[in-house]
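Protein chains in written order, with the UniProt record's numbering: chain A, 1 to 207; chain B, 1 to 207.
None of these hints come from the bench; they were simulated from the model. Be aware that one or more of the hints could be misleading.
Remember, identical chains collapse to one label, so a pair may be satisfied in a single copy or spanning two.
As the list claims (entries may be wrong) - Here are the computed lysine to aspartate or glutamate pairs in the EDC-like style, where the Cα-Cα straight-line distance is at most 20 Å: (1) LYS4 with ASP70; (2) LYS58 with GLU44; (3) LYS169 with GLU128.
There are 2 protein chains.
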Amino acid sequence: MIQKYPSVLLENAVNEFAKLPGVGRKTALRLVLHMLRQDNKTVENFSSAILTLKNEVKYCKSCYNISDADICPICSNTSRDSSIVCVVENIKEVMAIENTSQFKGLYHVLGGIISPIDGIGPGDLQIESLVKRVAEGHIKEIILALSTTMEGDTTNFYIYKKLAPYNIKISMIARGISIGDEIEYADEVTLGRSIINRTLFNESFNL
Amino acid sequence: MIQKYPSVLLENAVNEFAKLPGVGRKTALRLVLHMLRQDNKTVENFSSAILTLKNEVKYCKSCYNISDADICPICSNTSRDSSIVCVVENIKEVMAIENTSQFKGLYHVLGGIISPIDGIGPGDLQIESLVKRVAEGHIKEIILALSTTMEGDTTNFYIYKKLAPYNIKISMIARGISIGDEIEYADEVTLGRSIINRTLFNESFNL
Numbered sequence: 001m002i003q004k005y006p007s008v009l010l011e012n013a014v015n016e017f018a019k020l021p022g023v024g025r026k027t028a029l030r031l032v033l034h035m036l037r038q039d040n041k042t043v044e045n046f047s048s049a050i051l052t053l054k055n056e057v058k059y060c061k062s063c064y065n066i067s068d069a070d071i072c073p074i075c076s077n078t079s080r081d082s083s084i085v086c087v088v089e090n091i092k093e094v095m096a097i098e099n100t101s102q103f104k105g106l107y108h109v110l111g112g113i114i115s116p117i118d119g120i121g122p123g124d125l126q127i128e129s130l131v132k133r134v135a136e137g138h139i140k141e142i143i144l145a146l147s148t149t150m151e152g153d154t155t156n157f158y159i160y161k162k163l164a165p166y167n168i169k170i171s172m173i174a175r176g177i178s179i180g181d182e183i184e185y186a187d188e189v190t191l192g193r194s195i196i197n198r199t200l201f202n203e204s205f206n207l
Numbered sequence: 001m002i003q004k005y006p007s008v009l010l011e012n013a014v015n016e017f018a019k020l021p022g023v024g025r026k027t028a029l030r031l032v033l034h035m036l037r038q039d040n041k042t043v044e045n046f047s048s049a050i051l052t053l054k055n056e057v058k059y060c061k062s063c064y065n066i067s068d069a070d071i072c073p074i075c076s077n078t079s080r081d082s083s084i085v086c087v088v089e090n091i092k093e094v095m096a097i098e099n100t101s102q103f104k105g106l107y108h109v110l111g112g113i114i115s116p117i118d119g120i121g122p123g124d125l126q127i128e129s130l131v132k133r134v135a136e137g138h139i140k141e142i143i144l145a146l147s148t149t150m151e152g153d154t155t156n157f158y159i160y161k162k163l164a165p166y167n168i169k170i171s172m173i174a175r176g177i178s179i180g181d182e183i184e185y186a187d188e189v190t191l192g193r194s195i196i197n198r199t200l201f202n203e204s205f206n207l
């Protein structure tokens with residue numbers, strides 16, 4: 001369907017919004033018309049918020065998470081266990097894990113995963129800085145928490161090889177049936193993994 | 001679920017994106033992180049496109065559709081029938097009707113519909129300008145093409161009353177069963193309307 005826009009300005013704005021992931025041209029038009037109905041101040045705030053973030057964003061010098069300070073609040077929190085570091089793809093995983101309140105160690109944010117198809121190699125990620133952190137000798141355990149995709153597995157394996165020379169524990173988050181899921185409908189790879197990695201009943205509940 | 005952001009700049013950007021209709025905080029974060037991965041030029045283009053549109057948008061002086069010129073391409077197209085005017089809520093309906101290639105008249109864009117709950121009265125819409133266009137005497141038919149909601153019906157009725165003194169035909173777009181829909185599953189109001197407004201078989205197909 002060819003959509004003819006009566007205004008180049010409108011078309012430009014729709015094109016820009018349509019570049020957002022998961023936003024098609026119809027949704028983009030809806031969003032642009034919504035913005036057009038807002039007052040000038042609202043549109044200015046929207047427009048400047050993303051530009052300011054892009055221009056002024058900083059990354060924690062230790063874990064490379066997005067941060068306003070040189071060292072992020074998590075890394076500078078002395079009550080956390082700095083001997084355990086959880087390796088994640090980006091800030092979304094940090095926030096998801098923080099929400100569980102189950103992890104009291106620190107993070108290392110790679111900023112992506114190895115993906116040759118997208119032109120992302122190990123050099124584009126914060127892997128050398130992770131090796132450097134480990135080489136300092138204070139870290140006892142690295143938890144790998146990347147997606148279970150081919151790219152995630154590749155990245156896990158690459159990091160594993162890089163860290164193998166250092167005498168530390170390298171673990172990965174448990175894979176298994178989600179809480180609340182029906183076993184009948186679980187995919188066979190997950191179900192198989194959940195049997196191989198079965199846990200002792202009393203340990204799971206601290207009995 | 002409380003999401004703690006490690007950066008105020010990030011939080012601001014997420015808050016702004018989350019104001020978009022249909023965008024929740026999780027999607028907003030995803031969109032913001034996507035923008036953060038783009039180069040500076042892309043973010044600048046995105047940011048400026050919406051601001052430029054907001055600051056420089058013009059409306060056609062005749063039909064009040066969004067336009068870059070004083071008179072929009074549809075109104076200035078002399079091959080179109082300027083004696084028939086289709087009244088629509090906004091530019092989305094203009095584009096949808098234009099896509100059908102079934103309408104060769106002009107439009108009148110109200111810029112919304114009467115909705116007391118949102119504080120939108122007749123004075124906020126381009127109704128007086130429609131009456132003025134009709135009063136000029138050249139228009140023979142007005143087609144009302146608003147949504148079949150209570151607000152749409154109210155607006156239709158208001159416009160009908162306003163235009164009643166002028167001796168013109170006032171029609172509304174046909175309501176009936178959508179092409180391809182099963183009659184069994186049609187709602188009863190639509191089905192009832194489709195029977196009342198039945199059309200002659202030979203006329204429907206130009207037999």
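Cross-check of the supplied hints:
no.: 1; hint: LYS4 with ASP70; in the structure: between (48 Å within a copy, 18 Å between copies)
no.: 2; hint: LYS58 with GLU44; in the structure: between (23 Å within a copy, 18 Å between copies)
no.: 3; hint: LYS169 with GLU128; in the structure: within (18 Å within a copy, 76 Å between copies)
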